[in-house]
Amino acid sequence: MIQFETLAQWLRWLEASHPQSDIELGLSRVRQVADKLGLLSPAVPVVTVAGTNGKGSVIATLESLAHSHKLSIGSYTSPHLIQFNERIKINGQPISDEFLIEAFSKIANIQGETQLTYFEFTTLVGLYCFAQVDLDFIALEVGLGGRLDAVNIIDADISVITSIGLDHTDWLGDTLEAIAYEKAGVGRRGKPMVIASRDLLALLAKPIAEIKPKIIAENNDYFIDDSGQRWSYSSATLEIKDIAQSSLFTANKAAGITVFAYLFPTLLDPDAVKLALENAALAGRFSTLSETPKVILDVAHNPDSASLLNRNIKQLLSHENKNRTDTRSAKVWAICGMLQDKDIVSSLSNLTNIEHWLCIDLAPPRGAKASQLAKALNSSDAKKQVLQFNSIQQAYEFYKKEAALDDLLIVFGSFVTVGQMLEYWQSQ
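Counting from 6, one number per residue, gives the positions in the sequence shown under the numbering used here.
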(Lines of atoms letter the chains of each structure in order from A; the text may use other names.)
(Lines give C-alpha, C1' and ligand atoms only; values in the text may rest on other atoms or scores of the structure.)
Protein backbone atom coordinates (compact mmCIF):
# COMPACT_ATOMS: atom_id res chain seq x y z
CA MET A 6 0.00 0.00 0.00
CA ILE A 7 1.29 3.44 -0.98
CA GLN A 8 0.91 6.04 1.77
CA PHE A 9 2.38 9.45 2.60
CA GLU A 10 1.52 11.91 5.34
CA THR A 11 1.87 15.26 3.55
CA LEU A 12 0.75 16.67 0.20
CA ALA A 13 4.34 17.62 -0.59
CA GLN A 14 5.34 13.95 -0.28
CA TRP A 15 2.46 12.86 -2.51
CA LEU A 16 3.39 15.47 -5.13
CA ARG A 17 7.02 14.30 -5.15
CA TRP A 18 5.79 10.73 -5.61
CA LEU A 19 3.44 11.81 -8.39
CA GLU A 20 6.16 13.66 -10.30
CA ALA A 21 8.64 10.78 -9.89
CA SER A 22 6.24 8.05 -10.98
CA HIS A 23 4.12 10.11 -13.40
CA PRO A 24 6.43 12.82 -14.88
CA GLN A 25 4.63 15.82 -16.37
CA SER A 26 6.80 15.49 -19.47
CA ASP A 27 5.29 12.05 -20.19
CA ILE A 28 2.26 12.63 -22.42
CA GLU A 29 0.32 9.70 -23.83
CA LEU A 30 -3.09 10.64 -25.16
CA GLY A 31 -5.92 8.12 -24.87
CA LEU A 32 -8.87 7.34 -22.65
CA SER A 33 -8.70 3.60 -21.97
CA ARG A 34 -6.28 3.72 -19.00
CA VAL A 35 -7.89 6.60 -17.15
CA ARG A 36 -11.41 5.32 -17.89
CA GLN A 37 -10.52 1.92 -16.43
CA VAL A 38 -9.40 3.43 -13.11
CA ALA A 39 -12.29 5.93 -13.06
CA ASP A 40 -14.71 3.02 -13.47
CA LYS A 41 -13.18 1.26 -10.44
CA LEU A 42 -13.72 4.44 -8.44
CA GLY A 43 -17.29 4.96 -9.68
CA LEU A 44 -16.44 8.37 -11.18
CA LEU A 45 -17.74 8.05 -14.74
CA SER A 46 -21.26 9.36 -14.10
CA PRO A 47 -21.25 12.52 -11.94
CA ALA A 48 -24.52 13.23 -10.16
CA VAL A 49 -24.65 16.85 -11.36
CA PRO A 50 -24.34 18.57 -14.79
CA VAL A 51 -20.85 18.75 -16.27
CA VAL A 52 -19.43 21.52 -18.49
CA THR A 53 -16.32 20.65 -20.50
CA VAL A 54 -14.32 23.56 -21.94
CA ALA A 55 -11.86 23.13 -24.83
CA GLY A 56 -9.92 25.64 -26.90
CA THR A 57 -6.47 27.05 -27.56
CA ASN A 58 -6.96 30.12 -25.36
CA GLY A 59 -9.66 31.30 -22.97
CA LYS A 60 -10.65 28.06 -21.24
CA GLY A 61 -9.76 29.30 -17.78
CA SER A 62 -11.65 32.55 -18.40
CA VAL A 63 -14.86 30.66 -19.19
CA ILE A 64 -14.53 28.67 -15.98
CA ALA A 65 -13.71 31.79 -13.92
CA THR A 66 -16.90 33.35 -15.32
CA LEU A 67 -18.91 30.26 -14.35
CA GLU A 68 -17.44 30.41 -10.83
CA SER A 69 -18.43 34.06 -10.51
CA LEU A 70 -21.96 33.34 -11.83
CA ALA A 71 -22.35 30.44 -9.41
CA HIS A 72 -21.29 32.65 -6.51
CA SER A 73 -23.71 35.45 -7.41
CA HIS A 74 -26.59 32.95 -7.71
CA LYS A 75 -25.65 31.08 -4.51
CA LEU A 76 -24.88 27.84 -6.35
CA SER A 77 -22.02 25.43 -5.69
CA ILE A 78 -19.46 24.65 -8.42
CA GLY A 79 -16.49 22.31 -8.61
CA SER A 80 -13.84 23.37 -11.14
CA TYR A 81 -10.79 21.60 -12.54
CA THR A 82 -8.16 23.63 -14.41
CA SER A 83 -4.47 23.42 -15.27
CA PRO A 84 -1.69 24.20 -14.88
CA HIS A 85 -1.35 25.90 -11.50
CA LEU A 86 0.62 29.09 -10.86
CA ILE A 87 2.05 28.46 -7.39
CA GLN A 88 0.29 25.60 -5.55
CA PHE A 89 -1.10 22.35 -6.92
CA ASN A 90 -4.31 22.97 -4.93
CA GLU A 91 -5.23 25.72 -7.45
CA ARG A 92 -6.12 23.04 -10.02
CA ILE A 93 -9.12 21.76 -8.05
CA LYS A 94 -11.53 24.29 -6.56
CA ILE A 95 -14.83 24.23 -4.74
CA ASN A 96 -16.71 27.50 -5.18
CA GLY A 97 -13.57 29.20 -6.47
CA GLN A 98 -11.42 28.20 -3.48
CA PRO A 99 -8.46 25.80 -3.84
CA ILE A 100 -9.09 22.46 -2.20
CA SER A 101 -7.39 21.61 1.11
CA ASP A 102 -4.23 19.54 1.51
CA GLU A 103 -6.18 17.02 3.63
CA PHE A 104 -8.77 16.44 0.93
CA LEU A 105 -6.07 16.01 -1.71
CA ILE A 106 -4.14 13.53 0.45
CA GLU A 107 -7.31 11.43 0.77
CA ALA A 108 -7.85 11.51 -3.02
CA PHE A 109 -4.20 10.72 -3.85
CA SER A 110 -4.20 7.75 -1.49
CA LYS A 111 -7.45 6.35 -2.85
CA ILE A 112 -6.41 6.59 -6.50
CA ALA A 113 -2.80 5.45 -6.03
CA ASN A 114 -3.95 2.31 -4.26
CA ILE A 115 -6.73 1.40 -6.68
CA GLN A 116 -4.95 1.96 -10.00
CA GLY A 117 -3.03 -1.31 -9.57
CA GLU A 118 -0.90 -2.10 -12.61
CA THR A 119 -2.64 0.50 -14.79
CA GLN A 120 -0.15 3.16 -15.80
CA LEU A 121 -1.45 6.74 -15.68
CA THR A 122 0.11 9.97 -16.87
CA TYR A 123 0.44 12.98 -14.54
CA PHE A 124 -2.61 14.67 -16.05
CA GLU A 125 -4.70 11.48 -16.00
CA PHE A 126 -3.94 10.99 -12.32
CA THR A 127 -4.72 14.59 -11.41
CA THR A 128 -7.96 14.48 -13.42
CA LEU A 129 -9.06 11.51 -11.32
CA VAL A 130 -8.10 13.44 -8.18
CA GLY A 131 -10.41 16.26 -9.25
CA LEU A 132 -13.30 13.94 -10.11
CA TYR A 133 -12.89 12.05 -6.82
CA CYS A 134 -12.99 15.28 -4.80
CA PHE A 135 -16.10 16.50 -6.63
CA ALA A 136 -17.86 13.20 -5.97
CA GLN A 137 -17.48 13.73 -2.21
CA VAL A 138 -19.06 17.22 -2.18
CA ASP A 139 -22.64 18.44 -2.62
CA LEU A 140 -22.36 20.48 -5.85
CA ASP A 141 -24.78 22.06 -8.31
CA PHE A 142 -22.47 21.60 -11.32
CA ILE A 143 -18.92 20.82 -12.41
CA ALA A 144 -16.65 22.62 -14.91
CA LEU A 145 -13.73 20.73 -16.46
CA GLU A 146 -10.93 22.36 -18.46
CA VAL A 147 -9.30 20.28 -21.18
CA GLY A 148 -5.55 19.98 -20.73
CA LEU A 149 -4.49 19.05 -24.26
CA GLY A 150 -6.77 18.85 -27.30
CA GLY A 151 -10.07 17.36 -26.27
CA ARG A 152 -11.04 14.12 -27.96
CA LEU A 153 -8.31 12.08 -26.23
CA ASP A 154 -7.84 14.27 -23.17
CA ALA A 155 -8.47 12.66 -19.78
CA VAL A 156 -11.43 14.90 -18.90
CA ASN A 157 -13.27 13.50 -21.93
CA ILE A 158 -14.01 10.26 -20.07
CA ILE A 159 -16.97 12.25 -18.71
CA ASP A 160 -19.92 12.83 -21.04
CA ALA A 161 -20.41 16.59 -20.88
CA ASP A 162 -23.94 17.91 -20.55
CA ILE A 163 -22.73 21.02 -22.37
CA SER A 164 -19.37 21.75 -24.01
CA VAL A 165 -17.58 24.94 -25.03
CA ILE A 166 -15.06 25.67 -27.78
CA THR A 167 -13.34 28.97 -27.03
CA SER A 168 -10.76 29.41 -29.80
CA ILE A 169 -8.62 27.41 -32.21
CA GLY A 170 -5.00 28.23 -32.95
CA LEU A 171 -1.75 26.51 -33.83
CA ASP A 172 -0.47 25.19 -30.50
CA HIS A 173 0.66 21.73 -29.33
CA THR A 174 1.07 20.81 -32.99
CA ASP A 175 3.23 17.76 -32.16
CA TRP A 176 0.20 16.18 -30.51
CA LEU A 177 -2.82 17.68 -32.22
CA GLY A 178 -1.71 18.14 -35.81
CA ASP A 179 -0.13 20.98 -37.75
CA THR A 180 -3.27 22.40 -39.35
CA LEU A 181 -6.17 24.32 -37.83
CA GLU A 182 -8.57 21.72 -39.24
CA ALA A 183 -6.77 18.89 -37.44
CA ILE A 184 -6.67 20.81 -34.18
CA ALA A 185 -10.35 21.76 -34.52
CA TYR A 186 -11.24 18.08 -34.94
CA GLU A 187 -9.48 17.18 -31.68
CA LYS A 188 -11.03 20.02 -29.68
CA ALA A 189 -14.57 19.34 -30.91
CA GLY A 190 -14.24 15.79 -29.62
CA VAL A 191 -15.51 16.96 -26.21
CA GLY A 192 -18.99 17.40 -27.72
CA ARG A 193 -21.75 14.80 -27.48
CA ARG A 194 -24.57 13.94 -29.85
CA GLY A 195 -27.64 16.04 -29.19
CA LYS A 196 -25.98 17.97 -26.36
CA PRO A 197 -25.32 21.73 -26.58
CA MET A 198 -21.93 22.92 -27.80
CA VAL A 199 -21.27 26.64 -27.27
CA ILE A 200 -19.02 28.11 -29.97
CA ALA A 201 -17.46 31.31 -28.61
CA SER A 202 -16.99 32.78 -32.10
CA ARG A 203 -19.22 32.24 -35.13
CA ASP A 204 -16.04 32.40 -37.25
CA LEU A 205 -15.15 28.92 -35.95
CA LEU A 206 -18.19 27.20 -37.46
CA ALA A 207 -16.58 26.55 -40.86
CA LEU A 208 -13.45 25.18 -39.20
CA LEU A 209 -15.55 22.86 -37.02
CA ALA A 210 -17.85 21.71 -39.84
CA LYS A 211 -16.42 18.18 -40.13
CA PRO A 212 -16.47 17.17 -36.44
CA ILE A 213 -19.88 18.85 -35.98
CA ALA A 214 -21.28 16.77 -38.85
CA GLU A 215 -19.92 13.59 -37.22
CA ILE A 216 -20.83 14.32 -33.59
CA LYS A 217 -24.12 16.15 -34.26
CA PRO A 218 -24.20 18.34 -31.13
CA LYS A 219 -26.73 21.14 -30.69
CA ILE A 220 -24.78 24.22 -31.77
CA ILE A 221 -25.12 27.51 -29.85
CA ALA A 222 -22.89 30.04 -31.61
CA GLU A 223 -21.87 33.59 -30.85
CA ASN A 224 -23.41 36.13 -33.26
CA ASN A 225 -25.94 33.51 -34.31
CA ASP A 226 -27.74 32.31 -31.16
CA TYR A 227 -26.43 34.96 -28.76
CA PHE A 228 -24.91 38.38 -29.37
CA ILE A 229 -22.22 40.67 -27.97
CA ASP A 230 -22.08 44.46 -28.35
CA ASP A 231 -18.62 45.51 -27.19
CA SER A 232 -17.79 49.22 -27.24
CA GLY A 233 -14.54 48.92 -25.28
CA GLN A 234 -15.18 50.13 -21.73
CA ARG A 235 -18.73 48.69 -21.57
CA TRP A 236 -20.45 45.78 -23.28
CA SER A 237 -23.83 44.07 -23.58
CA TYR A 238 -25.10 40.51 -24.00
CA SER A 239 -28.34 39.33 -25.53
CA SER A 240 -30.02 36.05 -26.43
CA ALA A 241 -33.56 34.80 -26.84
CA THR A 242 -33.86 34.38 -23.07
CA LEU A 243 -31.53 36.93 -21.51
CA GLU A 244 -30.45 40.53 -22.03
CA ILE A 245 -27.79 42.28 -19.94
CA LYS A 246 -26.81 45.84 -20.87
CA ASP A 247 -24.00 48.23 -19.94
CA ILE A 248 -21.63 45.71 -18.32
CA ALA A 249 -18.32 47.08 -17.07
CA GLN A 250 -15.29 45.33 -18.51
CA SER A 251 -13.14 43.02 -16.39
CA SER A 252 -9.70 41.68 -17.29
CA LEU A 253 -11.21 38.65 -19.05
CA PHE A 254 -11.85 38.55 -22.81
CA THR A 255 -15.48 39.44 -23.56
CA ALA A 256 -16.12 36.47 -25.88
CA ASN A 257 -15.16 34.03 -23.12
CA LYS A 258 -17.37 35.74 -20.54
CA ALA A 259 -20.26 35.62 -23.02
CA ALA A 260 -19.71 31.89 -23.55
CA GLY A 261 -19.82 31.47 -19.77
CA ILE A 262 -23.17 33.28 -19.50
CA THR A 263 -24.58 31.14 -22.31
CA VAL A 264 -23.60 27.93 -20.53
CA PHE A 265 -25.00 29.13 -17.21
CA ALA A 266 -28.27 30.26 -18.80
CA TYR A 267 -28.69 26.84 -20.41
CA LEU A 268 -28.06 24.95 -17.16
CA PHE A 269 -30.10 27.18 -14.83
CA PRO A 270 -32.72 29.04 -16.90
CA THR A 271 -35.21 29.41 -14.05
CA LEU A 272 -32.65 30.77 -11.59
CA LEU A 273 -31.29 33.60 -13.72
CA ASP A 274 -31.21 36.96 -11.99
CA PRO A 275 -30.11 39.72 -14.45
CA ASP A 276 -28.65 41.85 -11.64
CA ALA A 277 -26.70 38.87 -10.27
CA VAL A 278 -25.47 38.03 -13.78
CA LYS A 279 -24.22 41.58 -14.34
CA LEU A 280 -22.48 41.66 -10.97
CA ALA A 281 -20.81 38.31 -11.67
CA LEU A 282 -19.53 39.42 -15.08
CA GLU A 283 -18.06 42.62 -13.71
CA ASN A 284 -16.32 40.76 -10.88
CA ALA A 285 -15.06 37.79 -12.91
CA ALA A 286 -11.27 37.66 -12.81
CA LEU A 287 -8.46 35.16 -13.11
CA ALA A 288 -4.87 35.50 -11.94
CA GLY A 289 -2.51 35.81 -14.89
CA ARG A 290 -5.10 36.90 -17.45
CA PHE A 291 -4.08 40.53 -17.90
CA SER A 292 -4.47 40.86 -14.14
CA THR A 293 -3.00 43.74 -12.16
CA LEU A 294 -0.38 42.78 -9.58
CA SER A 295 0.45 46.35 -8.57
CA GLU A 296 -0.83 49.85 -9.38
CA THR A 297 2.37 51.75 -8.48
CA PRO A 298 4.45 50.62 -10.22
CA LYS A 299 1.91 49.30 -12.74
CA VAL A 300 2.61 45.56 -13.06
CA ILE A 301 0.41 43.33 -15.23
CA LEU A 302 0.54 39.51 -15.33
CA ASP A 303 -0.48 37.51 -18.39
CA VAL A 304 0.05 33.85 -19.30
CA ALA A 305 0.10 34.58 -23.06
CA HIS A 306 2.30 31.85 -24.54
CA ASN A 307 1.26 31.37 -28.16
CA PRO A 308 0.72 33.65 -31.19
CA ASP A 309 -3.03 34.17 -30.68
CA SER A 310 -2.80 34.99 -26.98
CA ALA A 311 0.22 37.25 -27.67
CA SER A 312 -1.83 39.15 -30.24
CA LEU A 313 -4.62 39.67 -27.69
CA LEU A 314 -2.06 40.77 -25.10
CA ASN A 315 -0.66 43.31 -27.55
CA ARG A 316 -4.14 44.74 -28.11
CA ASN A 317 -4.73 44.99 -24.35
CA ILE A 318 -1.37 46.71 -23.86
CA LYS A 319 -2.26 49.28 -26.53
CA GLN A 320 -5.59 50.05 -24.86
CA LEU A 321 -4.00 50.31 -21.41
CA LEU A 322 -1.19 52.53 -22.71
CA SER A 323 -3.70 54.84 -24.38
CA HIS A 324 -5.67 55.09 -21.14
CA GLU A 325 -2.56 55.75 -19.03
CA ASN A 326 -1.23 58.44 -21.37
CA LYS A 327 -4.62 60.15 -21.63
CA ASN A 328 -4.62 60.71 -17.87
CA ARG A 329 -1.11 62.13 -17.68
CA THR A 330 -0.44 65.72 -16.61
CA ASP A 331 2.95 66.01 -18.35
CA THR A 332 4.12 65.51 -21.93
CA ARG A 333 6.09 62.31 -21.32
CA SER A 334 4.53 59.07 -22.56
CA ALA A 335 4.65 55.96 -20.41
CA LYS A 336 7.00 53.26 -21.67
CA VAL A 337 6.15 49.57 -21.78
CA TRP A 338 8.60 47.06 -20.30
CA ALA A 339 8.26 43.29 -20.38
CA ILE A 340 9.75 40.45 -18.38
CA CYS A 341 9.39 37.43 -20.64
CA GLY A 342 10.10 33.75 -20.04
CA MET A 343 8.82 31.05 -22.39
CA LEU A 344 8.84 27.30 -22.94
CA GLN A 345 10.95 26.20 -25.87
CA ASP A 346 8.24 23.99 -27.39
CA LYS A 347 6.13 27.10 -28.09
CA ASP A 348 6.21 29.21 -31.27
CA ILE A 349 8.54 31.80 -29.78
CA VAL A 350 9.25 33.78 -32.95
CA SER A 351 5.60 34.24 -34.00
CA SER A 352 4.46 34.97 -30.45
CA LEU A 353 7.05 37.67 -29.77
CA SER A 354 6.67 39.26 -33.20
CA ASN A 355 3.03 40.01 -32.36
CA LEU A 356 4.00 42.17 -29.37
CA THR A 357 4.75 45.44 -31.11
CA ASN A 358 3.78 47.72 -28.21
CA ILE A 359 6.66 46.63 -25.93
CA GLU A 360 9.83 48.76 -26.06
CA HIS A 361 12.06 47.29 -23.35
CA TRP A 362 12.51 43.52 -23.17
CA LEU A 363 13.96 41.73 -20.15
CA CYS A 364 14.29 38.09 -21.20
CA ILE A 365 14.76 35.41 -18.54
CA ASP A 366 15.88 31.78 -18.44
CA LEU A 367 13.28 29.16 -17.53
CA ALA A 368 14.48 25.87 -16.11
CA PRO A 369 15.02 22.86 -18.39
CA PRO A 370 13.92 20.55 -19.82
CA ARG A 371 11.06 22.61 -21.32
CA GLY A 372 12.23 26.11 -20.44
CA ALA A 373 13.78 28.32 -23.12
CA LYS A 374 16.96 30.28 -22.48
CA ALA A 375 16.89 34.06 -22.44
CA SER A 376 19.29 33.96 -25.39
CA GLN A 377 16.66 32.16 -27.51
CA LEU A 378 14.11 34.87 -26.80
CA ALA A 379 16.66 37.63 -27.44
CA LYS A 380 17.62 36.10 -30.77
CA ALA A 381 13.97 36.00 -31.87
CA LEU A 382 13.44 39.63 -30.83
CA ASN A 383 16.63 41.00 -32.36
CA SER A 384 15.84 39.35 -35.68
CA SER A 385 12.43 41.05 -35.82
CA ASP A 386 13.24 44.55 -34.59
CA ALA A 387 16.76 45.80 -33.91
CA LYS A 388 15.42 49.04 -32.39
CA LYS A 389 14.10 47.39 -29.24
CA GLN A 390 16.12 47.21 -26.04
CA VAL A 391 16.66 43.50 -25.40
CA LEU A 392 18.50 42.31 -22.30
CA GLN A 393 19.05 38.85 -20.81
CA PHE A 394 18.81 37.68 -17.20
CA ASN A 395 19.20 34.42 -15.34
CA SER A 396 16.13 34.90 -13.18
CA ILE A 397 12.95 36.89 -12.71
CA GLN A 398 14.43 38.46 -9.58
CA GLN A 399 17.38 39.89 -11.55
CA ALA A 400 15.10 41.17 -14.29
CA TYR A 401 12.72 42.89 -11.88
CA GLU A 402 15.52 44.52 -9.88
CA PHE A 403 16.91 45.96 -13.13
CA TYR A 404 13.46 47.24 -14.07
CA LYS A 405 13.09 48.98 -10.69
CA LYS A 406 16.40 50.79 -11.16
CA GLU A 407 15.96 51.81 -14.79
CA ALA A 408 12.24 52.42 -15.38
CA ALA A 409 10.23 55.49 -14.47
CA LEU A 410 7.64 55.00 -11.74
CA ASP A 411 4.78 55.57 -14.20
CA ASP A 412 6.06 53.11 -16.82
CA LEU A 413 4.19 49.83 -17.38
CA LEU A 414 5.60 46.36 -16.74
CA ILE A 415 4.10 43.26 -18.37
CA VAL A 416 5.23 39.89 -17.00
CA PHE A 417 4.26 37.11 -19.40
CA GLY A 418 5.20 34.14 -21.57
CA SER A 419 4.27 31.07 -19.53
CA PHE A 420 2.35 29.93 -16.47
CA VAL A 421 5.81 29.23 -15.02
CA THR A 422 6.89 32.85 -15.53
CA VAL A 423 3.74 34.29 -13.95
CA GLY A 424 3.98 31.82 -11.06
CA GLN A 425 7.58 32.80 -10.39
CA MET A 426 6.63 36.48 -10.38
CA LEU A 427 3.81 35.87 -7.92
CA GLU A 428 6.11 33.91 -5.60
CA TYR A 429 8.81 36.58 -5.79
CA TRP A 430 6.31 39.37 -5.16
CA GLN A 431 4.87 37.58 -2.14
CA SER A 432 8.37 37.00 -0.75
CA GLN A 433 9.06 40.76 -0.92
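Since the hints were made in silico from the structure, they are not lab data. Heads up, the beta-carbon is just placed ideally off N, CA and C, and yes, glycines get one too. Incorrect hints may have been included.
Said to hold, decoys possible - Restraint-style ranges between C-beta atoms, simulated for each label pair:
1) Leu153 <-> Ser334: 24 to 34 angstroms
2) Glu103 <-> Arg316: 23 to 33 angstroms
3) Ala21 <-> Pro99: 32 to 42 angstroms
Said to hold, decoys possible - No more than 27 angstroms apart at the CA atoms, straight line, and that leaves these computed lysine-lysine pairs for DSSO-like:
4) Lys246 <-> Lys299
5) Lys347 <-> Lys389
6) Lys279 <-> Lys336
7) Lys299 <-> Lys196
8) Lys405 <-> Lys336
9) Lys380 <-> Lys406
10) Lys319 <-> Lys219
Hint-by-hint comparison with the structure:
1. Leu153 <-> Ser334: 24 to 34 angstroms: With Cβ atoms ~49 angstroms apart, the hint is violated.
2. Glu103 <-> Arg316: 23 to 33 angstroms: Cβ of glutamate 103 to Cβ of arginine 316: about 43 angstroms, so the range 23 to 33 angstroms is violated.
3. Ala21 <-> Pro99: 32 to 42 angstroms: With a Cβ separation near 23 angstroms, alanine 21 and proline 99 fall outside 32 to 42 angstroms, so the hint is violated.
4. Lys246 <-> Lys299: Between lysine 246 and lysine 299 the Cα gap is close to 30 angstroms, so the pair fails against 27 angstroms, i.e. violated.
5. Lys347 <-> Lys389: OK: lysine 347 and lysine 389 at ~22 angstroms, within 27 angstroms.
6. Lys279 <-> Lys336: violated, 34 angstroms
7. Lys299 <-> Lys196: violated, 44 angstroms
8. Lys405 <-> Lys336: holds, 13 angstroms
9. Lys380 <-> Lys406: holds, 25 angstroms
10. Lys319 <-> Lys219: Violated, at about 38 angstroms.
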